[in-house]
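Residue numbers (the numbering used here), protein chains in the order written: chain A, 1 to 55; chain B, 1001 to 1379.
Take the hints with a grain of salt, since some may be wrong.
Once the Cα atoms are required to be at most 16 Å apart in a straight line, the calculated EDC-like pairs of lysine to aspartate or glutamate come out as [stated by the list, open to error]:
1. K55(A) to E1177(B)
2. K55(A) to D1078(B)
3. K55(A) to E1279(B)
4. K55(A) to E1183(B)
In case anyone wonders, no lab produced these hints; they're calculated from the structure. Just so you know, these numbers come straight off a predicted model, no measurement behind them.
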Amino acid sequence: MTNIAWPRWLFWIVVIGFVAWDFAASAPVNLRLEPPIIAAGSGVPTSGGHCARPK
Amino acid sequence: MNTLAAPARSAAPPRPPNRWAHRLPLGLAVLTLFGWLLWSVSARQALLLLVGVGLGWGLAAARFGFTTGWRRLVEDRDPSGVYGQIILLALLAALSMPMLAHFPEVQAALGPPSVSLLVGAFVFGLCMQLADGCGSGTLYKAGLGVPLNMAVLPMFAIGSFLGAAHLNDWLALGALEPVGLVERLGAGGALAATLVALVALAIGVGRWSGQRFSLRRMPGRWVWGAVVLALFAALNLFIAGQSWGVVYGFGLWGAKAATVLGLFDPTANAFWSDPGHAERLHQTLLLDVTSITNIGILAGALWVVPSRPPSERSMNGGQWLIGLAAGFLLGYSSRLAFGCNVGAMVSGISTGSLHGWIWVPVAFLGTLIGVRLRRRFGF
C-alpha cells in the first residue's frame, strides 16, 4: 500500500458517505415525476441547474 | 511539469499492478449504481452517470488537462495542449449547434457578459495554476488520487456555494443580456463563425509559439482525448438537454452541507431561494445533472489509476495553504464567471455563447500571472 493509498480511501469514504447521507436526508424520489430519458425531442423544457446561468 | 507524471524511478523495477484486481470491483460498483439509479431514481440520471464515467476516463487516460495545456504554452511555448482544446471546441460545436437548432428543449450555456465575468475569469485563470487543476482537472485528478486535488475539491465546493450565494450582488455591478450565436445566426452561421474564430486562434497560437498546427506533430493523446470528450459532452447535451457543467454541482453540495450544519438559511438568499435551486436543495443530489456527471467523472478517473498512478510529490505547509486557498477561490470565481473551463469555455463556446469567448482571454491573463506565482511559491 503506497503512502497515498489511505488519503484516497478516506476521500472515497467521504464522497460515498456524503451521497448516502444526502439520499437519506432528502425528500423521497417521486418516480412519477421522472424526467424524460432523453431531453432532446422530449417536448419537456430542461430545468436542471447549470453554472453558466445567472439564475 | 505535469504533476501526474510517470511513477517515480527506483533501483528495483516496480511490480506491475494487477489492473483487473482494481477495475473489476470498480466496474461492478459502477454497474450496481447504474442499475440502482435506473430502478430507484431516474433512467436519465443512470445514463448520465455513464456519460460522466466516459468523460472522467477520457480526461484521465488522455491526461487532458486544460491547466497544464495553458501552462505548457506559457512556459515552454508548447501549443499541443491548446491545440487539443481547440480541436475539442471545434468538434463539440459541430455536434452541439445543430442539436440546439433542431431541438427546442436543448439549451445553450448562455452566461451574461458582466463585470463579474471579467473578475471571475481572471481570478479563475490565476488560481487554476496554483491549485494545479481547473473544474474538470480538479475532479479527474481527485479521482486519480492526487492528494492536493482531493483536498481542493471540498474547498472548491465551499467557494462555489458562496460565489452562487453572492452572485446577485456581483450582477448588480453591471451585466448585459446573454448573447447566443445560434439564436442570432442560426446553426450554420454560428458554427461557421465559431470555426473561423477557432482557426484564427490556432493561427495566433502557432505564430506566438513558433509551432504551426499539425496533427502529425501533436501527441496523440491530445487528439483522441479531444474526440472522446467531444462525443461524451455532446451525449450530455443530448440526454440532459443542457451542456456539460461541473461547478453548479459543487455549489449544490456546499449549500446542502452548510444548510444542514445550520450555517446557512437558503430562504434568505436571493440565489438559493429561487424555486429551481430550492427544489434541488431539497431533493437528492443524485437527481442533479451536474452532480451525477461529477460523480461519474471521479469514477471514470479511478478506472485509469492502475495505468497512471499519481506521483507521490511532497509539498510543504505553505504550498498546501496556497493550494487550498486557490481551490476556494476557484469555486468562488467560477460562479462569478458563469462557469469554469468546462461550463464557460467548452460548453459556452461550443453552444455559441459570447461569454465563453470573453472568458478565454481574461482567464489566460490570469494564467500568465498564475504561472509566475506558481514558480514563486515553488510548485
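Hint numbers not upheld by this structure, sorted from lowest to highest = Hint check: 2 and 4 fail, others pass.
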